[in-house]
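**Q** What follows is each chain in one-letter form.
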Amino acid sequence: MYRHTLVNHFLEHSALQHTHKTALVHSGQRLTYSDLDVMANKIANFLVKSGIERGDRIAVFMDNSIEAVVSVFGALKAGAAFMMINHTTKAEKLEYILNNSAAKLAFTQKIRSAIFKEIRCPNLGAIVSTGACLDESCHSFENIMSSGDARPLPARCIDMDLASIIYTSGSTGQPKGVMLSHHNMVSAAHSITTYLENREDDIIINMLPLSFDYGLYQILMAFRIGGTVILEKSFTYPYQIIDLMIKEKVTGLPGVPTIIALLLHLKDIDKVDFSSLRYITNTAAALPVTHINRLRELFPHVRLYSMYGLTECKRVSYLPPEELDNRPNSVGRGMPNEEVYIVNENGDKVGPGEIGELVIRGSNVMMGYWDMPEETGKCLRAGRYPGERVLYSGDLFKTDNEGYLYFIARKDDIIKCKGEKVSPREIENVLYSLHGILEAAVVGIPDEILGQAIKACVALDSGSNLTEKEIVHYCSQHLENYMLPKYVQIMPELPKTANGKIDKKDLAATAHSSGRL
Amino acid sequence: MSQMPEIRNFIVENFLYGQDDGFDDNVSLLEKGIIDSTGVLELVSFVEEKYGISVEDEELIPENFDSVVNLSAYITKKTSNGK
Numbered sequence: 001m002y003r004h005t006l007v008n009h010f011l012e013h014s015a016l017q018h019t020h021k022t023a024l025v026h027s028g029q030r031l032t033y034s035d036l037d038v039m040a041n042k043i044a045n046f047l048v049k050s051g052i053e054r055g056d057r058i059a060v061f062m063d064n065s066i067e068a069v070v071s072v073f074g075a076l077k078a079g080a081a082f083m084m085i086n087h088t089t090k091a092e093k094l095e096y097i098l099n100n101s102a103a104k105l106a107f108t109q110k111i112r113s114a115i116f117k118e119i120r121c122p123n124l125g126a127i128v129s130t131g132a133c134l135d136e137s138c139h140s141f142e143n144i145m146s147s148g149d150a151r152p153l154p155a156r157c158i159d160m161d162l163a164s165i166i167y168t169s170g171s172t173g174q175p176k177g178v179m180l181s182h183h184n185m186v187s188a189a190h191s192i193t194t195y196l197e198n199r200e201d202d203i204i205i206n207m208l209p210l211s212f213d214y215g216l217y218q219i220l221m222a223f224r225i226g227g228t229v230i231l232e233k234s235f236t237y238p239y240q241i242i243d244l245m246i247k248e249k250v251t252g253l254p255g256v257p258t259i260i261a262l263l264l265h266l267k268d269i270d271k272v273d274f275s276s277l278r279y280i281t282n283t284a285a286a287l288p289v290t291h292i293n294r295l296r297e298l299f300p301h302v303r304l305y306s307m308y309g310l311t312e313c314k315r316v317s318y319l320p321p322e323e324l325d326n327r328p329n330s331v332g333r334g335m336p337n338e339e340v341y342i343v344n345e346n347g348d349k350v351g352p353g354e355i356g357e358l359v360i361r362g363s364n365v366m367m368g369y370w371d372m373p374e375e376t377g378k379c380l381r382a383g384r385y386p387g388e389r390v391l392y393s394g395d396l397f398k399t400d401n402e403g404y405l406y407f408i409a410r411k412d413d414i415i416k417c418k419g420e421k422v423s424p425r426e427i428e429n430v431l432y433s434l435h436g437i438l439e440a441a442v443v444g445i446p447d448e449i450l451g452q453a454i455k456a457c458v459a460l461d462s463g464s465n466l467t468e469k470e471i472v473h474y475c476s477q478h479l480e481n482y483m484l485p486k487y488v489q490i491m492p493e494l495p496k497t498a499n500g501k502i503d504k505k506d507l508a509a510t511a512h513s514s515g516r517l
Numbered sequence: 518m519s520q521m522p523e524i525r526n527f528i529v530e531n532f533l534y535g536q537d538d539g540f541d542d543n544v545s546l547l548e549k550g551i552i553d554s555t556g557v558l559e560l561v562s563f564v565e566e567k568y569g570i571s572v573e574d575e576e577l578i579p580e581n582f583d584s585v586v587n588l589s590a591y592i593t594k595k596t597s598n599g600k
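Chains as they are written, first to last, in the numbering used here: chain P, 1 to 517; chain B, 518 to 600.
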């Protein structure tokens with residue numbers, strides 16, 4: 001086995017060891033490790049020739065596609081840090097991310113390239129797009145593939161270097177760039193593939209966006225073990241996905257509660273032949289126990305992993321499948337090569353049954369938030385040894401007598417919708433920028449399919465005749481699709497606490513699902 | 518393809534919140550980010566109720582649902598086949 005120190009080694013070593021093996025299947029195309037390695041080399045040579053230096057940030061504004069995977073590895077091979085950006089991100093936020101990170105170059109696709117005409121990013125020197133190009137400052141992805149230099153480059157990084165920035169919703173409403181070193185990502189991928197017992201004959205289907213770390217890691221981990229990824233854009237056409245899973249003999253299905261709920265709702269799901277499937281993973285939010293039971297009934301041979309994680313350290317814990325019957329509500333224990341514990345408000349470790357904040361210690365813990373020293377200082381604090389920093393998760397947990405973890409609540413009001421973190425403040429900021437909105441509060445309400453559905457409660461200025469639809473339409477021009485409110489309720493005024501603040505607890509408790517669009 | 522305006526209207530009302538951005542009737546609704554896994558189920562319910570057809574599992578594929586033109590052709594085929 002080759003030693004992996006850099007994230008790009010996952011691809012490079014597999015290209016040496018499993019040269020002609022299928023690495024990636026997407027839209028009817030099958031690419032071997034060698035194919036992908038050559039394509040990524042062409043990108044890397046192009047980037048170096050374009051003046052990209054070690055540590056420069058490169059944005060990948062693409063949906064799940066072969067080009068996105070090649071761009072990620074091309075950036076890493078050139079010594080740059082990649083940033084996968086959700087393909088439904090709107091102009092303002094894209095501009096914020098590109099400027100906050102001082103990105104030098106962006107990869108995009110023809111269907112979304114026009115957005116770059118709307119934004120001003122002084123550091124952004126070049127754009128590479130698939131399909132026809134915008135103008136002369138835009139390079140053609142296809143041209144690089146057809147005439148690029150495919151020779152491998154010497155490594156420019158060591159494992160302490162920045163490999164990626166993943167932007168995540170912050171409670172302040174401002175997206176935070178989670179900085180991950182090669183060492184962080186290699187460590188996380190190693191720990192996860194260890195407990196999932198991944199093997200080179202694993203065939204993993206991924207329909208989660210690569211801009212979501214859970215989706216991204218499916219590629220990284222599969223390449224690490226020399227497996228195969230079936231890459232899909234989403235679970236929009238479930239029967240097509242199921243046919244593909246059967247045809248490709250998929251062994252691993254990474255899910256979130258929304259995907260599992262949709263799967264279990266399908267007619268004839270009990271007649272589907274999933275005999276090749278070895279494991280299903282679930283993270284982002286807990287699966288309802290009824291869904292766990294139904295999955296076990298339908299697919300008794302499949303190992304089902306309940307997991308919990310944060311972008312700031314990738315993964316925190318997993319429940320060994322054999323423990324699922326004993327403790328269906330637990331998210332398990334720390335993964336291999338990681339320590340987790342719970343502290344009270346004084347920072348002292350607490351015992352079983354006591355509620356406190358979960359702390360994570362391990363080489364998977366991020367380097368910090370990009371250009372946000374204050375935010376970084378709040379969650380990365382002194383650890384066991386001088387200079388060491390551990391991650392304060394902001395999540396309240398308790399353990400049972402055997403040390404298994406149980407999620408209690410978040411310390412802030414972040415909503416988890418379809419498995420992705422959504423900041424109520426970010427949506428409220430958009431609502432307040434709409435003329436006619438007097439007060440706005442966004443809460444999460446329980447939803448069988450989404451986990452939590454986003455509900456916006458607003459009071460209007462007198463004389464305003466905004467409608468619910470107009471409000472969501474305005475949001476859709478400023479927010480990613482997964483952040484759009486499912487419900488909007490226009491109220492005469494929002495309930496207040498004794499201190500005069502908007503009472504979100506009251507809203508969340510009483511609002512439920514009224515105000516449907 | 519008489520259903521096209523109705524389909525377009527449903528998509529605009531439900532997924533674009535009443536504001537038609539002039540998207541092409543041939544554009545992939547998935548790639549354009551107009552519908553997702555929960556959106557497509559709303560589209561199925563709409564088609565079943567509006568045109569009195571039953572969408573079979575194996576018919577829920579992009580060839581039938583992923584653009585206004587495809588969906589209209591699918592409905593035409595279904596309704597002319599005696600449902």
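One should not assume that every hint holds.
Claimed, not checked - Mimicking EDC-like on lysine to aspartate or glutamate, the simulated pairs with C-alpha atoms at most 16 Å apart in a straight line are:
| no. | chain 1 | residue 1 | chain 2 | residue 2 |
| --- | --- | --- | --- | --- |
| 1 | P | K267 | B | E575 |
| 2 | P | K486 | B | E559 |
| 3 | P | K117 | P | E92 |
| 4 | P | K110 | B | D574 |
| 5 | P | K271 | B | D574 |
| 6 | P | K247 | B | E575 |
| 7 | P | K90 | B | E565 |
| 8 | P | K271 | P | E232 |
| 9 | P | K486 | B | D538 |
| 10 | P | K469 | B | D538 |
| 11 | B | K595 | B | E565 |
| 12 | P | K233 | B | D553 |
| 13 | P | K90 | B | E548 |
| 14 | P | K486 | B | E573 |
| 15 | P | K110 | B | E548 |
| 16 | P | K233 | B | E548 |
| 17 | B | K567 | B | D537 |
| 18 | P | K378 | P | E322 |
| 19 | P | K93 | P | E53 |
| 20 | P | K486 | P | E468 |
| 21 | P | K249 | P | E297 |
| 22 | P | K469 | B | E575 |
| 23 | P | K267 | B | E580 |
| 24 | B | K549 | P | D63 |
| 25 | P | K271 | B | E523 |
| 26 | P | K469 | B | E530 |
| 27 | P | K504 | P | E388 |
| 28 | P | K267 | B | D538 |
| 29 | P | K267 | B | E573 |
| 30 | P | K49 | P | D63 |
Claimed, not checked - To spell it out: a stretch of chain P is covered by chain B in this simulated footprint if at least three of its residues, at any positions, have a beta carbon under 8 Å from a beta carbon of chain B; those stretches are:
| no. | segment |
| --- | --- |
| 31 | 181-195 |
| 32 | 495-506 |
Everything labelled a hint here was simulated from the structure, so no lab data went into it. Quick reminder that beta carbons are idealized off the backbone N, C-alpha and C, glycines included.
**Q** Now tell me, hint by hint, if it's right for this structure.
**A** Structure-based check of all given hints:
1. P:K267 - B:E575: Distance of about 11 Å is within 16 Å: holds.
2. P:K486 - B:E559: Distance of about 13 Å is within 16 Å: holds.
3. P:K117 - P:E92: holds (12 Å)
4. P:K110 - B:D574: violated (32 Å)
5. P:K271 - B:D574: Answer holds: K271 of chain P to D574 of chain B is near 12 Å, not above 16 Å.
6. P:K247 - B:E575: holds (15 Å)
7. P:K90 - B:E565: violated (33 Å)
8. P:K271 - P:E232: Violated, at about 23 Å.
9. P:K486 - B:D538: Since the Cα atoms of K486 of chain P and D538 of chain B sit roughly 20 Å apart, the hinted pair is violated (cutoff 16 Å).
10. P:K469 - B:D538: holds (15 Å)
11. B:K595 - B:E565: Since the Cα atoms of K595 of chain B and E565 of chain B sit roughly 11 Å apart, the hinted pair holds (cutoff 16 Å).
12. P:K233 - B:D553: holds (10 Å)
13. P:K90 - B:E548: It holds: about 15 Å lies between the C-alpha atoms, which stays within 16 Å.
14. P:K486 - B:E573: Not satisfied, since the Cα-Cα distance of roughly 27 Å exceeds 16 Å.
15. P:K110 - B:E548: holds (11 Å)
16. P:K233 - B:E548: holds (8 Å)
17. B:K567 - B:D537: Distance ~21 Å between K567 of chain B and D537 of chain B Cα, so the pair is violated.
18. P:K378 - P:E322: At roughly 36 Å apart (the allowed maximum being 16 Å), E322 of chain P and K378 of chain P break the hint.
19. P:K93 - P:E53: violated (25 Å)
20. P:K486 - P:E468: Given pair K486 of chain P, E468 of chain P holds - Cα atoms ~10 Å apart, limit 16 Å.
21. P:K249 - P:E297: violated (20 Å)
22. P:K469 - B:E575: Between K469 of chain P and E575 of chain B the Cα gap is close to 33 Å, so the pair fails against 16 Å, i.e. violated.
23. P:K267 - B:E580: violated (20 Å)
24. B:K549 - P:D63: Satisfied, since the Cα-Cα distance of roughly 10 Å is no more than 16 Å.
25. P:K271 - B:E523: Between K271 of chain P and E523 of chain B the Cα gap is close to 35 Å, so the pair fails against 16 Å, i.e. violated.
26. P:K469 - B:E530: Judged against 16 Å, a Cα distance of about 8 Å means the pair holds.
27. P:K504 - P:E388: violated (37 Å)
28. P:K267 - B:D538: violated (35 Å)
29. P:K267 - B:E573: holds (9 Å)
30. P:K49 - P:D63: violated (26 Å)
31. 181-195: Violated: only 0 residues of the segment 181-195 of chain P have a Cβ under 8 Å from chain B.
32. 495-506: violated (count 0)
The structure fails to meet hints 4, 7, 8, 9, 14, 17, 18, 19, 21, 22, 23, 25, 27, 28, 30, 31 and 32 from the earlier list, while all remaining hints are met.
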